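Peer 1: Got two chains here, separate frames each, mind docking them using the hints?
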Amino acid sequence: MKDSDYGERVMKPLGQGVDYLINLLMTKPTVESVDIISNQILNIKRKRNYSDIVLYIVDAYSLGIGATLEIITKNPSVNCIVVLSNWNQYTGEAKEFSKTKGIGLFTFCELMGAVYYEGKKFIEYSPHKDDDEKRKI
Amino acid sequence: MMMKKEKYSYYIHKYRISIYIFGSILYKKYPKDIDILMLYPIDSIYIKELLEFKNIIKICLEEKLLMDVDMLILSYEEERKINFIKNEGAINLLDIR
Chain A
1 MKDSDYGERV
11 MKPLGQGVDY
21 LINLLMTKPT
31 VESVDIISNQ
41 ILNIKRKRNY
51 SDIVLYIVDA
61 YSLGIGATLE
71 IITKNPSVNC
81 IVVLSNWNQY
91 TGEAKEFSKT
101 KGIGLFTFCE
111 LMGAVYYEGK
121 KFIEYSPHKD
131 DDEKRKI
Chain B
1001 MMMKKEKYSY
1011 YIHKYRISIY
1021 IFGSILYKKY
1031 PKDIDILMLY
1041 PIDSIYIKEL
1051 LEFKNIIKIC
1061 LEEKLLMDVD
1071 MLILSYEEER
1081 KINFIKNEGA
1091 INLLDIR
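Line order of the protein sequences matches chains A and B. Going by this note's numbering, the first residue of the first sequence is number 1, and it counts up by one from there. Going by this note's numbering, the first residue of the second sequence is number 1001, and it counts up by one from there.
Isolated chain B (complex conformation) (with noise of 0.2 Å):
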């Protein structure tokens, strides 16, 4: 399964998602999986077509880098509330362009 980067682009600005790289493979050479944080704001009204997208960025990245990827989902909302992103040193991929 391949997706465009002009679609990826339009569902990320559709669904005013944002994505983040965190855990092992930030610090190690060979990383067994790879973890992705996605955050969408908690009133969104296409949770589950962005449930949806988020299984299609899972499977799209694991065909392309033949590794595991761990998905979470947390809303903007939820994040702020548990600091994610500060405490496990999550990188937003749109930084690392």
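For reference, chain A alone in the conformation it holds in the complex (with noise of 0.2 Å):
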């Protein structure tokens, strides 16, 4: 796939953060391996039944609904978008935007945990309501 297929950038991320989301992505157990297709998208290939993961990446303050939608039409092939950042979140009309889209909105520390996820499951993974799940099981 070439870059163009995925449409226009939308606002530039540091490369170092990317960098650093790479390595840690490539020690979870569900990911085989992490292309970049460009500096602000990653194709995240998953092990066994786990599907691809096309990932987003912003660096942005705050993401709001109108940027997701900016995002998602410009990169139809996305289905996860992350804001990368610490200092960097995102606003509750965002999340629920991008789940009615099927796509996945997390903060980065959410990332790391949303991969053990596969479809529904995945877009709607929040740390601590799925943690206590686990719990009890």
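Possibly wrong hints are sitting among the right ones.
Only some residues are given here: those of chain B computed to face chain A with a beta carbon under 8 Å [as the list claims (entries may be wrong)]:
(1) Ser1009
(2) Tyr1040
(3) Glu1063
(4) Leu1065
(5) Val1069
(6) Leu1072
(7) Ile1073
(8) Leu1074
(9) Lys1081
(10) Ile1082
(11) Phe1084
Now the in silico label distances, taken between C-beta atoms and shown as ranges [to be verified]:
(12) A:Gly119 - B:Lys1028: 35 to 41 Å
(13) A:Gln89 - B:Met1067: 22 to 28 Å
(14) B:Ile1042 - A:Trp87: 19 to 25 Å
(15) A:Thr27 - B:Leu1094: 48 to 54 Å
(16) A:Ser85 - B:Lys1028: 14 to 20 Å
(17) A:Asp35 - B:Glu1062: 43 to 49 Å
(18) A:Lys120 - B:Met1067: 39 to 45 Å
(19) B:Asp1033 - A:Ser38: 28 to 34 Å
Source of the hints: derived by calculation from the structure; they are not laboratory data. Predicted model only: the values in this text are computed from it and were never measured. Using N, Cα and C, we set each Cβ at its ideal position, and we do this for glycine too.
Peer 2: Laid out in structure tokens, this is it:
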């Protein structure tokens, strides 16, 4: 797949942060490999029955519904968005909108937990809720 | 790319947008970039147009100021919930004219 298939870039993230993200993803038992499509898009190939994640990386103070719409429209192949930096966040409206589009929207820490899940559980992954469920089992 | 002041004002009113500045430009003598917050009504029927307008503002400012401009776009409702203006000490551009 060519870079242009993923659409235009919206905001540029920090290169160092992307390297850190890739290295951490590679330590996850569900992740087989991470391909860099562009400096903002990664293809995360997962093992066994887990589907690939096409991840859009954003460095924004607060990702709102408008910017989320822009990313999804310009990058139709993306099925996951991460707000990269520790001080980044997203709004509740952006999260709900992403879910309706079948796209996972996560912070860095949330993504590290979400990669263990598939389908609806992946998109709706919430660390506290899902970790509590795990503890019950 | 240039935008006439009248045209800018026309779109600001048409899309019911507010523009704020925040970040290092408010407290650093030589900031490395400029952070701009654009607020719009969440029920706007002009969402695609105002996303384009945001990108035009970014290009115009970067050409004029020769600095990176980071545009943050939120609805008024989202801003109210996360209290972004207060937390970041953002200033409405109308207030510094």
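Peer 1: So, for every hint listed, does it hold in this structure?
Peer 2: Status of the hints after comparison with the structure:
1. The beta carbon of Ser1009 (chain B) is not positioned within 8 Å of any beta carbon in chain A (closest approach about 21 Å), and the interface hint is therefore violated.
2. Using the Cβ-Cβ criterion of 8 Å, the hint placing Tyr1040 (chain B) at the interface with chain A is satisfied: the shortest such distance is roughly 7 Å.
3. For Glu1063 (chain B), the interface hint is violated, the least distance from its beta-carbon to any beta-carbon of chain A being 17 Å, above 8 Å.
4. Interface restraint check: Leu1065 (chain B) against chain A, minimum CB-CB distance 17 Å, threshold 8 Å, status violated.
5. The beta carbon of Val1069 (chain B) is not positioned within 8 Å of any beta carbon in chain A (closest approach about 11 Å), and the interface hint is therefore violated.
6. Look at Leu1072 (chain B): its Cβ gets to within about 6 Å of chain A, closer than 8 Å, so that hint holds up.
7. A least Cβ separation of about 4 Å between Ile1073 (chain B) and chain A falls short of the 8 Å threshold, and the interface hint therefore holds.
8. Of the supplied interface hints, the one on Leu1074 (chain B) holds, with its beta-carbon coming within about 4 Å of a beta-carbon of chain A, less than 8 Å.
9. For the restraint placing Lys1081 (chain B) at the interface with chain A, the shortest Cβ-Cβ distance is roughly 7 Å, inside the 8 Å limit, so the hint holds.
10. For Ile1082 (chain B), the interface hint holds, since its Cβ comes within 8 Å of a Cβ in chain A; the closest pair sits about 6 Å apart.
11. For Phe1084 (chain B), the shortest C-beta to C-beta distance to chain A is roughly 6 Å, which falls under 8 Å, so the interface hint holds.
12. Between Gly119 (chain A) and Lys1028 (chain B) the beta carbon distance is about 46 Å. The supplied range of 35 to 41 Å is therefore violated.
13. Take Gln89 (chain A) and Met1067 (chain B): their Cβ atoms lie about 25 Å apart, and the range 22 to 28 Å holds.
14. Hint check: Ile1042 (chain B) to Trp87 (chain A), Cβ distance near 24 Å, so the stated range 19 to 25 Å holds.
15. Here the CB-CB span from Thr27 (chain A) to Leu1094 (chain B) is close to 49 Å, well matched to the stated 48 to 54 Å.
16. Between Ser85 (chain A) and Lys1028 (chain B) the C-beta distance comes to about 19 Å, which sits within the given range of 14 to 20 Å.
17. Checked against the hint of 43 to 49 Å, the C-beta distance between Asp35 (chain A) and Glu1062 (chain B) comes to roughly 31 Å, which is inconsistent with it.
18. Checked against the given bound of 39 to 45 Å, the beta carbons of Lys120 (chain A) and Met1067 (chain B), roughly 43 Å apart, stay inside it.
19. Between Asp1033 (chain B) and Ser38 (chain A) the Cβ separation comes to about 21 Å, which falls outside the hinted range of 28 to 34 Å.
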